[in-house]
Amino acid sequence: MVTKRSPGEIVFDGLNVVFLLVCSFAFLYPMWYVLVSSFSDPYAIASGQVTFWPIDFTIDAYKLVFDDDRIWSSYGNTMIYVVAGTLINLVLTTMGAYPLSRTNLPGKSVLMALIVFTMFFSGGLIPSYLNVRELGLYDTYWAILLPGAVSAFNLIVMRTFFQSIPEGLIESAKIDGANDFRILWQMVLPLSMPVIAVMTLFYAVSHWNSWFSAMIYLQDPNLYPLQLILREILIQSSAQNMLSGATQDAVFRMSEAIKYATIIVATVPILVIYPFLQKYFVKGVMIGAIKE
Amino acid sequence: MAMTAKTLASRPKEPTTSKKLARTWRRIAANRYLYLMLLPTMLYFLIFEYKPMYGLIIAFKDFNPYAGFWGSPWVGFEHFEKFFESYYFWRLLRNTFLISFYSLIIIFPASIVFALLLNELRSRKMKSVLQTISYLPHFISLIVICGMIIDFTKSDGIINSLLVGLGLISEPIQFLILPEWFRTLYVGSGLWQSVGWNSIIYLAALSGINPNLYEAAVVDGANRWKQLIHITLPGILPTVLILLILNIGNLLSVGWDKIILLYNPGTYETADVISTFVYRRGVMEADYSFSAAVGLFNSIINFTLLVVANAISRRTTKNSLW
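Line by line, the protein sequences are chains A and B. Counting from -3, one number per residue, gives the positions in the first sequence under my numbering. Counting from 204, one number per residue, gives the positions in the second sequence under my numbering.
Derived by calculation from the structure, the hints in this document are not laboratory data.
Straight-line C-alpha distance at most 25 Å; calculated SDA-like pairs for lysine to any residue:
hint	chain 1	residue 1	chain 2	residue 2
1	B	Lys357	A	Ala22
2	B	Lys429	A	Gly10
3	B	Lys254	B	Ala270
4	A	Lys279	B	Leu394
5	B	Lys254	A	Val106
6	B	Lys330	A	Val278
7	B	Lys254	A	Phe117
8	B	Lys330	B	Pro437
One side only, chain B facing chain A, incomplete, derived with CB under 10 Å:
hint	residue
9	Met240
10	Leu333
11	Ile336
12	Trp395
13	Ala407
14	Val497
Positions of the beta carbon are idealized from the N, C-alpha and C atoms, including for glycine.
The shape of chain B in the complex, shown without the other chains:
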């Protein structure tokens, strides 16, 4: 103690830092209940989010449940190489990318257009009723939606009956058996499921635009189209860009949910994506290390896409997630 006091006395800078430290400690102590409150939530993130990230190490090992996490031997990038060289690699990459890309270029703009059209309705009452109807599908469970898709697209289902009845096709189409129809079904049903719900956020952005701008535009002689171009679209642009960045960040994360429910070995050619492949190889065939490597590859690409899209948007439009 005496030593410390002496050293402190001889070095005038030391007391201020220790004072700062003491102040920080006091603040931490004063907030002890807040930390206590935070503890369970942080434990959740640690155990269920960060521990699996750490568990990704098995992608570089030959994981064997009997040898355990640490006992399993290291194999470096072997699983990644095996995946890149496999027959599935390009097919999975192509399917994952195409399904996301079609969803993005069709559902994303459709939601904006739907919101704009709803916004142009002159009757408030009608607008709110149509809006309510439009997000109904969002609440129907995926299982039920897929059950309906399966039922409606059967050869004697309502879609085929309708198409044959209208004379558009002469023979019923086996939509779920033919690989060439898979993406159309996936994106088409996605449109039905999510257009209304996605449009909520644009309608919120639209209602935030200052009405004075429109009045001024009318005084200046701008018609509805001119108002759209010069006031409405610039008004929702920041919202559009933020959502676009998020969507691009998810370009390679097509979920397994809907695909697992709808695909079959006959349509793997167009329907099998990285996450469904990871599920089959990992959970069903217990090929843990290999599928963890495939999943990691997918996450890294997604994360990179997100960072790049965010950087581009920040540079060009000053809108960004961070």
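Just chain A, with the same shape it has in the complex:
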């Protein structure tokens, strides 16, 4: 629709573009600042010289970060949590969503109501914490993997998607003698790749970023995920631990540089894949927005 714009509209469009560009700068700049700081000399950062480009380019901070055992072991743990956790999430969410999407399942609405209710009311932190201890999951990988294994919201999204698959397709497979497991595995899942992709991403990103359950359920540092190590370095400023034997001043300076390098090391995997996955995320939010 090409129409003539009034002077007022031209001014508005111009201001709008400027305003949104300023916003985009504000969204990007903090990340850019961290990136250039991670390659800068710590003295230059501390004296405020770093703004847009690295000053006295150096990769010393990265050397220290990659030399640190805690970073490597927690990276490994995070991989375990992301892969195993996401797998558990997907299996349970799918196996819950598919039966509840079938029209003729007796008792379906009651079970559905029980699931939806958990979105609005829960036992809360303390009973959940005691539950994990009581089940003997405390200080094991399972304490991270099992609580929160199904998101009621994602289950509803998936169920809505399954409901859009033509009933006749499933009926005909049934007549051919396939049982429900086979129908789900061989017919429904291949048709549901978009929603599976979205769920995988949502679950995997939340595992990658999660830290609170690790903080309350884990004591053994060998089980810590990356985010918990980041917390020690970024929030509790324990980067000094990486630098035993250095002078006080050097320790302080280097710990500043290490902070930026660890942020980059911990964030790059997601930011690198992000542009490729972006359209799925948007699709996911939209599927979630469909009202039944």
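Based on the hints, put chain B in the right spot on chain A.
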């Protein structure tokens, strides 16, 4: 068996119900694989969602791990009374409410406005690039975001350097040490984190509006502002209301995550909220019953707010969650 047959024969209504029952049983049997499939997921909800709800009973007991769940004595509403009378009660309620309320009145409309402005861009290409940039912060982990906040707001951090450099302030401000800055930092960083992501859903709603409406409006001589008022805003209203209800239902559930990472005893005065208090008293000090009671109080208020907001919206606009 003979007795049953006789009774059935004498009461003509009975066979139909038993037939119905038999039919239901047949349907359940026919779907046995579906139930089997559903079992692990339902077990999850039972063990990790409903069992903790049942575990809330300890809020009415004096829970002692050695005496166990059932061995611990009942104390009725004692923990609730203790909480309501404590010095912390009003402070926690005020902080929880204010932090949520400021987030709601700033981030919620900002996300809508951001979506509307993006939608007004004439270049498709630019729109999609700016959109992509805007939800980048959503993927950065909270720990990293808080690490950045801590670093940027230090007295020699980039924010203070900028403000001093521009002559806006003469002395660096200790943002994270001064209680009066906590809410500003919390909401301001929240704005950065979530505006882009929140706007996705409005952009989806905007793209669902029938373009013919705009063409008709242009023919009728409506300018862009008139189109906004009469077509665009009514078009996204249902989406806005649903999200508003959900937000109101969460008014008292400010998460512990960001606050735990950013606060310190010096800023408890403005930063300590119900969930952080529950975490400190419960997990760190092992005062289980008392903090379970505080958590339950919080959940009940949230649930009530949600139900009320939903009812109001259903009555006034016919939009509701259920």
